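Work out the full structure: start from the sequences and follow the hints.
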Amino acid sequence: DGGITQSPKYLFRKEGQNVTLSCEQNLNHDAMYWYRQDPGQGLRLIYYSQIVNDFQKGDIAEGYSVSREKKESFPLTVTSAQKNPTAFYLCASSTNPGQENGGYTFGSGTRLTVV
Amino acid sequence: SQKIEQNSEALNIQEGKTATLTCNYTNYSPAYLQWYRQDPGRGPVFLLLIRENEKEKRKERLKVTFDTTLKQSLFHITASQPADSATYLCALPDHTGRRALTFGSGTRLQVQP
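Read top to bottom, the protein sequences are chains R and Z.
No gaps in the numbering here: position 70 of the first sequence is 70 in the working numbering, and each next residue is one more.
Offset between the second sequence (1-based) and the working numbering: plus 1000.
Check each hint, because a few of them may be wrong.
Unchecked claim - Examples of chain Z residues toward chain R, derived with CB under 7 Å:
#1 Y1028
#2 Q1034
#3 R1037
#4 G1043
#5 P1044
#6 F1046
#7 R1099
#8 A1100
#9 F1103
#10 G1104
#11 S1105
Honestly, the hints are just simulated from the structure, not real lab data.
Keep in mind the model is a prediction, meaning the values are calculated, not measured.
C-beta atoms are modelled at their ideal positions from N, C-alpha and C, and glycine is treated no differently.
Put into structure tokens, the structure is as follows:
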């Protein structure tokens, strides 16, 4: 079955540590996205990529980094510069969001907690 | 700047009734609007897209309207069931031309049996 896989489901980060969240899709989608979700604040865009080897900052990119070396993969690194990383992280992919069935396909999320 | 507003208070209704959720937006004229369902601890799931030239879209028990004059979309679930209990998010294309969606904070629906 085609889909988008995020791992791990739960991640614990120590102060000053970098961690990487994995996102893999086998939907052959060109575009991939990372959102952060905090209680009561909805989804906020961190980074997005429309094509391999290209990505753009979203609204809250500070303290995060990404790469897009393969079409299927869009990993997110939460660096020590991100002061409040505890949140639910969602990865998504899409073809053309303006098409009838062009809605985003989301992964099941990674819950990151600073310990 | 673009602003999307969804009622932050949970909506509680009885099973069998029609649930109506509201999405209001400002400072923008989007070409389309999308609705998603999100269950606790899960990623959102795409439900429906409605374009600016469409007044209404239906899918099974779901109905979405799009009033570009009021800058508002209404999301209806008819004959609601306890299984419809979830948070419902609306999303619009980014008003700056950035090729990504901007999401509302969602409204939680609770259907009582």
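Verification of the supplied hints:
no., hint, result
1, Y1028, "15 Å, violated"
2, Q1034, "5 Å, holds"
3, R1037, "11 Å, violated"
4, G1043, "3 Å, holds"
5, P1044, "5 Å, holds"
6, F1046, "3 Å, holds"
7, R1099, "6 Å, holds"
8, A1100, "5 Å, holds"
9, F1103, "4 Å, holds"
10, G1104, "6 Å, holds"
11, S1105, "3 Å, holds"
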